[in-house]
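Enquirer: As given, the protein sequences belong to chains A and B, one line each in that order. Going by my numbering, the first residue of the first sequence is number 1, and it counts up by one from there. Going by my numbering, the first residue of the second sequence is number 438, and it counts up by one from there.
These are computed hints drawn from the structure, not numbers from a lab.
Once the Cα atoms are required to be at most 16 Å apart in a straight line, the calculated EDC-like pairs of lysine to aspartate or glutamate come out as:
no.	chain 1	residue 1	chain 2	residue 2
1	A	K180	B	E611
2	A	K341	A	E355
3	B	K826	A	E153
4	A	K389	B	E590
5	A	K171	B	D603
6	A	K171	B	E590
7	A	K389	B	E544
8	B	K694	B	E659
9	B	K608	A	E153
10	B	K826	A	E105
11	B	K608	A	D166
In this text the structure is predicted, and so the values were computed from the model without any measurement.
Protein chains: 2
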Amino acid sequence: MAHDYEQMWKDLGLDLAAHDALLQVLGKGYEDIFLSQSDRPQGMDYFNFVMSEVHGLRIKELMEEKKAGRKVIGSYCVFVPEEIVRATDSTLVGLCAGADFATEEVERLLPRNTCSLIKSAFGFKLGKVCPYVESSDMIVGENTCDGKKKSYEILDTLVPNLYVMDLPQMKSNEGHALLKGEYFRFKEAIEGLTGVTIDATRLRKGIEIVNNKRKAIHRLSELRRADPVPIFGLDALLINQVSFYDDPIRFTESVNKICDELEVRVREGKGGCPQGTPRILLSGCPMVVPNWKLPWIIEQSGAVIVGEESCVGERGIRNLTDDSGAALDELMEAIVDRYFKIDCAVFTPNPDRLEHVKQMYADYRGNGVIHYGLQFCQPYQIESLPVEKVLEESGIPTLRVDTDYSMEDVEQIKTRVEAFVERIGMSTCSACHFSLS
Amino acid sequence: MAHDYEQMWKDLGLDLAAHDALLQVLGKGYEDIFLSQSDRPQGMDYFNFVMSEVHGLRIKELMEEKKAGRKVIGSYCVFVPEEIVRATDSTLVGLCAGADFATEEVERLLPRNTCSLIKSAFGFKLGKVCPYVESSDMIVGENTCDGKKKSYEILDTLVPNLYVMDLPQMKSNEGHALLKGEYFRFKEAIEGLTGVTIDATRLRKGIEIVNNKRKAIHRLSELRRADPVPIFGLDALLINQVSFYDDPIRFTESVNKICDELEVRVREGKGGCPQGTPRILLSGCPMVVPNWKLPWIIEQSGAVIVGEESCVGERGIRNLTDDSGAALDELMEAIVDRYFKIDCAVFTPNPDRLEHVKQMYADYRGNGVIHYGLQFCQPYQIESLPVEKVLEESGIPTLRVDTDYSMEDVEQIKTRVEAFVERIGMSTCSACHFSLS
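Required output: the full structure, derived from the provided sequences and hints.
Expert: As structure tokens, then:
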């Protein structure tokens, strides 16, 4: 695809050589990890295509939207309300942050002990290899963790259009008021950027589009309750990841289409793994493309992932936004209420998250929980210890894995995950033992 | 002193053997680092005495206050408004957090990559060696950094009386409102604990006591502008550290007394170091007793510390609280205004801090800045890179030192500090080369 898009990438200011190298690694990784899986649903073809064109056709589409006067908003967090963006016919995209890049340059700007996700966001920017960040008319940062909050001050010197959203730390009345104030401020900023005034009709339309996307993923999640599970965890994670890049309406249709196929599988008792394959609930930090290391290890170890308690997963899409309000303010309030429920570990205390993990474990008929902590992500790493304690005390086998984006610890993690899968004492699934070629 | 206080320590639930061992190490460290200094002001005798009785006589005093119906409030942060505590005749004390203790036990509750300060607070509690935490009728946590915010959730399971104060992350109107709400909530909590209703007279008295303490330290700071500097940085740091433990009125008198002596020194052109000794401004994370590693290395390297841009230092005591308001609400508002100015790195953005560093550098006639970052303290570590960049660009030599409470990196830091002192190219002070016996 390179020659078709070369001019576009050049115009965006990408470093073509570095970008080519990145796409090659990405393509090879995708082939090894995803395409080598056995018995994938046909509906994954669409997502394979999206991934193969994630820096190509999708960027071309965004360029065409921009030519038509629409705006592209880049984000690093599920607290940025897509409904408001969509109400102005703008597009919200997740920005690249799933692989190490330009590490040496990054570590001149950020401490080494910063989490991989943040370092990666800087690396993609500094290395000039993320067409999304270069296409964005506005980049939205948010005061979630210390790492992001403080590094946005530095990112602000690297990009011309950073907008920072404050966020509460407690689920108090004051916290709710703060979020509300910030969402109204964000609405004004988006109106200012786009020249579009958001009225109730527009906002309701935005809510509908985003709710439909969530509903489609909820439908997919429900289907993963079946045993055998009709889709591998890696593929389900990929669909969640693609939700941050793809056109939301087309994405929703594609998810519903694969769900139709999976329903047939469930009725016929079919799946990539046989019945009785150990079922893992993955919980913790978000996994952004191409951060597939841990799920790949897990599904190579004879287990299958049945749910992601993560921002790229159920935490990001759990609740719908109530669209029943007639007035603009009611709809805005509904948006605030919806996002205020997000059980991110930056909140203190954060008891809802533990309840959600337990609920998902029960709903998806898990046999064990693997907690994924990004090294130096203090909110999730600190929270993981009590989470593990309470889960184990509730009789839920739990393994804590703290790691980064490097491949150095793959063998070590594999050993721990295999022992864990053995511990949860179920027959393992030979079909899951696909391997890197 | 052990036999005098043994029963008291036992009653507080301390682990006597572990506590004895701690006191021995502390005593030896103090002797080596402080008592070995040449030509110290006589006024330091008082602070030597306070330190020798920091777990003894001072705790006995607190016990007597408690017997008389007064309360002891423990804190880990300069955002806890002492004026409000003092308005009820209660005493605010800083809680132990300056040395590694019970590390193995701590790392069962907190991730290894948590900063030493937080780990230490847990270690002192788990190891049962902090009489302050055991004497406290209320322990106040605050949502500053992620590390503290999330670890208070765990501390809450270890102590019966944790009160958590929310804090803003931005210096916005909403942030100011949040702090105000929290300070009113804190006032109510303190009133509830003590049974004392805070009126304007009481609060004004509280403000006066705390302001006087600050004024005395300001006076001490001013005297450090002189060349030769009349007091070593280690001693000045110790005075700042003692301010968190000592009775505030007695402390204020003692600081003013040593200032009288230092004024004579300044007039006579005397000091521990000769004129022209390289003058270092220390900037960054707080240093709690007995965290004297870096200042000790610096002053062993032939330089002298002339100011601490730190919570245990100028950041903690910079501004006075306006006591001119007649009504209670005006005084409360003045307290909010005063604390809202604190330029802690948890705020984003935090431009005031950089201005303060530059101002202190000029005021105290610095020759270089050493930035002290606690390993895994994300707010200060991330902020330290742009701080270093801007200072260097302004022609201010700057050295970043990231470290923890271990002694493993002493030689490495010493090499770097010595090279830095050499770089700032001044004659070094042989009198500062006191060494560990």
